[in-house]
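Residue numbers (the working numbering): 1 to 190.
Check before you lean on any hint, since a few could be wrong.
[Stated by the list, open to error] Listed next, with one range per pair, are the computed distances between beta-carbon atoms:
(1) Leu49 x Val176: 27 to 35 Å
(2) Pro139 x Ser189: 18 to 26 Å
(3) Ala30 x Leu78: 24 to 32 Å
(4) Arg85 x Leu9: 16 to 24 Å
(5) Ala30 x Leu69: 18 to 26 Å
(6) Arg136 x His86: 42 to 50 Å
Derived from the structure by calculation, the hints contain no laboratory data.
All values derive from a computational prediction rather than experimental measurement.
For glycine and all other residues, C-beta sits at the position ideal for the given N, C-alpha and C.
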Amino acid sequence: QWTVLSLTLPMSILALFTGYVLRYDGTGQAAGTIAEHLLLKVPLIGSGLNRFLMASTDEGLSRIYLMHLFLTALLWGLGTWYHTRHVILSRKIFLSILAGSIAVAILLHAPIDLPGKNIDLIQGPWFFLGIQELLRHFPPLGAGILYPLIPVVAFLSLPWASNRKIPILLLIGWLVTYFGLSLAGWLRSV
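Use the sequences and the hints to build the structure in full.
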């Protein structure tokens, strides 16, 4: 069960990313193009990964839309399968959470670029700022593929590591560096 839980991390990030690309404003289009270029940099399997996950240059948004729906449904299934048998929310708690979510969605504005708007600095959402900053300084394979895999590998290895301190320290180190990279990216845009 730990492996399934660990694998939901990259799937949820990909679901967030595909949703971001599907907005198809200026930053969404740029993010899709950047993702395609990153996937194509993966040795041996890059073009296959691109055809499977993105292919927006060749096919538009249909593949990304399909991937987004599939990942969202799969994540929902994996995330709720265990909990539906063990955790039952009362109607009061459920309605409170639902009302809070609706209030946040109404009160917080999600900016979308106007069509044709000139964008001087394309900046991703806050959760991708660290990767975006890393891509400014390092090759795409290391910055866009290998670095994001570090927490996934660390999570996957936790149950089997003879010394759990190593994956935990790796996760903490990754989080600290990612926070620093995100802060640097945010400060660049201010």
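Now the hints, each set against the structure:
Checking the proposed 27 to 35 Å range against Leu49 and Val176 shows it holds: the Cβ atoms sit about 29 Å from each other. Look at Pro139 against Ser189: about 23 Å separates their beta carbons, and that is inside 18 to 26 Å. Taken as a hint, the range 24 to 32 Å holds for the pair Ala30 and Leu78, whose Cβ atoms sit roughly 30 Å apart. Taken as a hint, the range 16 to 24 Å holds for the pair Arg85 and Leu9, whose Cβ atoms sit roughly 23 Å apart.
One distance hint, 18 to 26 Å for the beta-carbon pair Ala30 and Leu69, holds here, with the actual separation near 23 Å. Our hint of 42 to 50 Å for Arg136 and His86 holds, since their Cβ atoms are close to 45 Å apart.
Hint violations for this structure: none, all hints satisfied.
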